[in-house]
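2 protein chains.
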Amino acid sequence: MRLSRFFMPILKENPKEAEIVSHRLMLRAGMVRQQSAGIYTWLPLGKRVLDKVTKIIREEQDRSGAIELLMPTLQSAELWQESGRYDAYGDEMLRIKDRNKRDMLYGPTNEEMITDVFRSYVKSYKDLPLNLYHIQLKFRDERRPRFGTMRSREFLMKDAYSFDLDREGAVNSYNRMFAAYLRTFSRLGLRAIPMRADTGPIGGDLSHEFIILADTGESEVFCHKDFVNFDIPGIETDFDDAEGLRAIFEKWTSVYAATSEMHDAAAFDAIPEGERLSARGIEVGHIFYFGTKYSDAMGAKVQGPDGKEHVVHMGSYGIGPTRLVPAIIEASHDENGIIWPKSVAPFDAVVINMKSGDAACDAACDTIYASLSKAGFDMLYDDTDDRAGTKFATADLIGVPVQIIAGPRAVANGEVEIKDRTTGARETMTIDAAINKLIASK
Amino acid sequence: MRLSRFFMPILKENPKEAEIVSHRLMLRAGMVRQQSAGIYTWLPLGKRVLDKVTKIIREEQDRSGAIELLMPTLQSAELWQESGRYDAYGDEMLRIKDRNKRDMLYGPTNEEMITDVFRSYVKSYKDLPLNLYHIQLKFRDERRPRFGTMRSREFLMKDAYSFDLDREGAVNSYNRMFAAYLRTFSRLGLRAIPMRADTGPIGGDLSHEFIILADTGESEVFCHKDFVNFDIPGIETDFDDAEGLRAIFEKWTSVYAATSEMHDAAAFDAIPEGERLSARGIEVGHIFYFGTKYSDAMGAKVQGPDGKEHVVHMGSYGIGPTRLVPAIIEASHDENGIIWPKSVAPFDAVVINMKSGDAACDAACDTIYASLSKAGFDMLYDDTDDRAGTKFATADLIGVPVQIIAGPRAVANGEVEIKDRTTGARETMTIDAAINKLIASK
Numbered sequence: 001m002r003l004s005r006f007f008m009p010i011l012k013e014n015p016k017e018a019e020i021v022s023h024r025l026m027l028r029a030g031m032v033r034q035q036s037a038g039i040y041t042w043l044p045l046g047k048r049v050l051d052k053v054t055k056i057i058r059e060e061q062d063r064s065g066a067i068e069l070l071m072p073t074l075q076s077a078e079l080w081q082e083s084g085r086y087d088a089y090g091d092e093m094l095r096i097k098d099r100n101k102r103d104m105l106y107g108p109t110n111e112e113m114i115t116d117v118f119r120s121y122v123k124s125y126k127d128l129p130l131n132l133y134h135i136q137l138k139f140r141d142e143r144r145p146r147f148g149t150m151r152s153r154e155f156l157m158k159d160a161y162s163f164d165l166d167r168e169g170a171v172n173s174y175n176r177m178f179a180a181y182l183r184t185f186s187r188l189g190l191r192a193i194p195m196r197a198d199t200g201p202i203g204g205d206l207s208h209e210f211i212i213l214a215d216t217g218e219s220e221v222f223c224h225k226d227f228v229n230f231d232i233p234g235i236e237t238d239f240d241d242a243e244g245l246r247a248i249f250e251k252w253t254s255v256y257a258a259t260s261e262m263h264d265a266a267a268f269d270a271i272p273e274g275e276r277l278s279a280r281g282i283e284v285g286h287i288f289y290f291g292t293k294y295s296d297a298m299g300a301k302v303q304g305p306d307g308k309e310h311v312v313h314m315g316s317y318g319i320g321p322t323r324l325v326p327a328i329i330e331a332s333h334d335e336n337g338i339i340w341p342k343s344v345a346p347f348d349a350v351v352i353n354m355k356s357g358d359a360a361c362d363a364a365c366d367t368i369y370a371s372l373s374k375a376g377f378d379m380l381y382d383d384t385d386d387r388a389g390t391k392f393a394t395a396d397l398i399g400v401p402v403q404i405i406a407g408p409r410a411v412a413n414g415e416v417e418i419k420d421r422t423t424g425a426r427e428t429m430t431i432d433a434a435i436n437k438l439i440a441s442k
Numbered sequence: 001m002r003l004s005r006f007f008m009p010i011l012k013e014n015p016k017e018a019e020i021v022s023h024r025l026m027l028r029a030g031m032v033r034q035q036s037a038g039i040y041t042w043l044p045l046g047k048r049v050l051d052k053v054t055k056i057i058r059e060e061q062d063r064s065g066a067i068e069l070l071m072p073t074l075q076s077a078e079l080w081q082e083s084g085r086y087d088a089y090g091d092e093m094l095r096i097k098d099r100n101k102r103d104m105l106y107g108p109t110n111e112e113m114i115t116d117v118f119r120s121y122v123k124s125y126k127d128l129p130l131n132l133y134h135i136q137l138k139f140r141d142e143r144r145p146r147f148g149t150m151r152s153r154e155f156l157m158k159d160a161y162s163f164d165l166d167r168e169g170a171v172n173s174y175n176r177m178f179a180a181y182l183r184t185f186s187r188l189g190l191r192a193i194p195m196r197a198d199t200g201p202i203g204g205d206l207s208h209e210f211i212i213l214a215d216t217g218e219s220e221v222f223c224h225k226d227f228v229n230f231d232i233p234g235i236e237t238d239f240d241d242a243e244g245l246r247a248i249f250e251k252w253t254s255v256y257a258a259t260s261e262m263h264d265a266a267a268f269d270a271i272p273e274g275e276r277l278s279a280r281g282i283e284v285g286h287i288f289y290f291g292t293k294y295s296d297a298m299g300a301k302v303q304g305p306d307g308k309e310h311v312v313h314m315g316s317y318g319i320g321p322t323r324l325v326p327a328i329i330e331a332s333h334d335e336n337g338i339i340w341p342k343s344v345a346p347f348d349a350v351v352i353n354m355k356s357g358d359a360a361c362d363a364a365c366d367t368i369y370a371s372l373s374k375a376g377f378d379m380l381y382d383d384t385d386d387r388a389g390t391k392f393a394t395a396d397l398i399g400v401p402v403q404i405i406a407g408p409r410a411v412a413n414g415e416v417e418i419k420d421r422t423t424g425a426r427e428t429m430t431i432d433a434a435i436n437k438l439i440a441s442k
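As they're listed, the protein sequences go chains A and B.
My numbering puts the first residue of the first sequence at 1, with every later residue one more than the last.
My numbering puts the first residue of the second sequence at 1, with every later residue one more than the last.
Some hints here could point you the wrong way.
One copy or two, either will do: identical chains are not told apart, so a pair holds if it fits within one copy or between any two.
[Claimed, not checked] In the BS3-like style, the derived pairs of lysine-lysine whose C-alpha atoms are separated by at most 27 Å in a straight line are: (1) K342 x K437; (2) K374 x K47; (3) K442 x K16; (4) K55 x K374; (5) K342 x K442; (6) K308 x K419; (7) K138 x K12; (8) K126 x K419; (9) K123 x K301; (10) K437 x K419; (11) K47 x K101; (12) K442 x K55; (13) K308 x K12; (14) K355 x K123; (15) K419 x K442; (16) K16 x K123.
Simulated from the structure, these hints should not be mistaken for lab results.
In this text, all values refer to a predicted model and were calculated from it rather than measured experimentally.
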């Protein structure tokens with residue numbers, strides 16, 4: 001993408017309304033724009049990151065055997081009256097009347113609707129286990145939306161729902177998602193720690209939050225330092241192997257970890273002092289096993305191998321991509337801007353033409369841009385007539401992992417400079433060497 | 001995807017509520033499920049087709065130089081009060097009050113919001129032309145939602161918005177989208193005919209609907225038969241070449257074409273009788289040039305090369321993916337079910353195991369499934385224990401382009417049968433030959 005043709009409105013000044021660094025950087029980098037309180041437009045740069053995050057989530061859901069569908073945003077109140085949550089949900093539920101005065105709502109979550117889908121079609125244990133997910137907008141009318149897309153009202157969520165014949169099957173489905181989540185966050189460049197959690201309005205008796213550590217995190221967390229070195233389930237993980245999944249779950253829940261709500265000071269103090277980790281964290285995922293809470297209320301049953309009807313056991317599993325983007329920034333930035341993990345960077349590399357219009361610089365940049373684009377890189381090419389200093393600042397701000405800098409002096413020697421955004425290291429090499437180095441590192 | 005692990009709830013009986021064939025087939029094939037009047041869940045099979053349709057639309061928007069962002073579904077009433085459309089829009093607009101009693105609405109279209117985004121950032125003619133698009137849910141509270149997702153209330157739409165300094169630039173942007181639309185529909189397996197259209201509540205003086213011919217179409221259309229043979233702009237189309245784009249526009253508007261609203265009987269009758277085409281059609285896209293209607297009302301101006309402020313000229317360009325899916329079915333089906341064009345088929349091919357559990361059949365199917373998946377095919381593998389007749393009926397119903405049938409007798413000879421869903425032609429060949437034939441045809 002040539003920057004002269006892209007739409008990336010960089011803000012020169014720090015926006016006053018931003019209380020946390022990710023919100024400030026997302027506004028400054030032209031990633032998002034607030035349209036109303038807690039309601040955002042994802043501008044092109046932000047949309048690219050959001051898409052990459054979503055793609056990784058989808059790939060890991062698919063790998064685990066979950067099946068994608070797409071439920072609508074608007075739901076009928078009747079479904080929620082069946083489960084008993086319509087009255088219980090409170091002011092965070094956006095209630096709507098359509099032109100025929102029917103009571104509708106903008107879905108804050110989808111347990112009711114997926115249970116309705118399930119009970120319409122699935123009648124036999126032979127069709128279980130089943131895990132259905134979608135990636136869809138939700139709305140929660142927060143009293144105080146803030147922190148940009150970290151706590152917005154309209155937000156994107158991946159929510160999966162598992163259906164099993166009994167508790168044992170449901171716990172296996174839970175372990176499957178547990179492993180998928182570890183893989184997902186790791187691929188997003190995050191170390192997420194699963195912490196036993198309260199189940200809140202979703203219900204149930206087994207639940208974990210996945211928390212990443214960040215100084216600016218919203219909640220206080222306590223855990224054993226060992227988490228930092230635990231192995232992430234590899235690409236070879238067999239999601240059909242119940243024992244293997246259970247081993248992963250047990251390993252990752254073998255040492256202490258809790259948010260402040262679930263904190264047990266005595267248990268934490270029992271850990272040797274040097275191995276305790278007390279920090280701030282950001283919740284990036286939440287999984288629940290809630291048994292038959294919805295299937296009972298809504299009559300979601302299957303015929304078992306015994307010929308009798310069984311109420312199915314369910315779980316739900318959420319990750320918020322629009323929340324993950326700022327969470328990644330909180331975990332990865334410096335004073336000059338964002339530092340994207342490779343996997344979610346809006347572009348793989350940026351070519352900076354320090355003297356647009358100079359025939360040699362233009363030719364060098366054109367060659368690099370064309371060669372790397374052809375090799376499958378998502379390239380940004382800063383071909384604008386901004387000053388070099390502005391171009392450097394923009395490249396640092398938007399956090400693209402690699403900068404390829406073509407200035408007139410280096411280009412006269414057939415050379416360019418490569419800068420690594422994470423380390424700041426710069427290296428001068430020939431144009432061909434630069435192209436080859438990037439291709440080799442892919 | 002193994003069918004035993006997929007979620008594809010086939011209906012055996014014809015659903016009574018479906019008035020048109022696409023609605024009937026989408027319900028029977030388990031592509032969609034109605035949740036409330038005019039509000040649908042896209043089940044996994046439907047979601048796959050919807051994604052393929054959306055991907056083609058996105059690729060052609062990107063190719064034409066349009067830039068993707070994502071605006072939210074909920075909008076503030078204030079924006080629409082600025083443009084004057086808040087009161088004018090009528091009952092189709094879903095009006096909402098949030099917990100703070102602020103007036104919101106579920107966007108039926110986004111002219112106001114994109115104009116607001118534009119005016120916040122773009123100040124100079126140097127940033128023009130600009131075309132911003134998104135693919136997002138919309139809601140129109142139709143009095144009588146019907147025909148499944150053909151006329152639903154919550155629907156997906158690709159809407160693009162162009163910004164230019166003057167009318168000449170805007171007409172070039174219009175021509176650019178015109179060519180992109182011809183390419184898009186062609187890649188979707190459709191022949192769409194652009195017809196001069198009324199601008200309705202969007203406004204403006206230049207507008208075309210893209211109509212595909214289908215016996216079950218909602219509107220009567222009249223055109224010259226030549227359209228059937230006009231060339232589609234190729235992959236080499238230069239979207240920076242204003243003259244070339246104009247030539248495409250002129251060619252495709254050189255002969256008579258009109259919907260009944262814009263029909264001029266005298267002009268139509270002037271066409272030699274053998275060259276007249278009078279048929280039913282389905283609108284699959286609509287493009288508008290509406291000048292300064294919104295930019296005037298909302299103050300979207302840029303500084304021109306003359307140093308003065310200019311109100312920008314705008315256009316908008318819509319395609320509805322959730323409407324396109326049934327439109328494609330209307331145009332391509334037979335008495336046994338859907339016949340997907342290759343480009344949007346939910347799977348590229350289906351392997352039908354006529355005797356699951358038979359070692360030789362299982363081995364043959366496993367080989368074919370693994371080889372073709374590895375070669376990049378989106379494969380479905382019917383590994384269920386349904387009767388062969390049921391499997392054939394399902395494969396025909398869901399319309400996958402190629403069926404590879406492995407029965408015990410053929411497999412004993414190392415052979416399978418390949419059936420082309422479109423022609424019904426069957427051919428027996430060795431397993432290797434079948435794999436190679438598919439790979440060669442990709």
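Notebook entry, point to check: So which hints don't hold here, by number, going up?
Noted result: 3, 6, 7, 8 and 11
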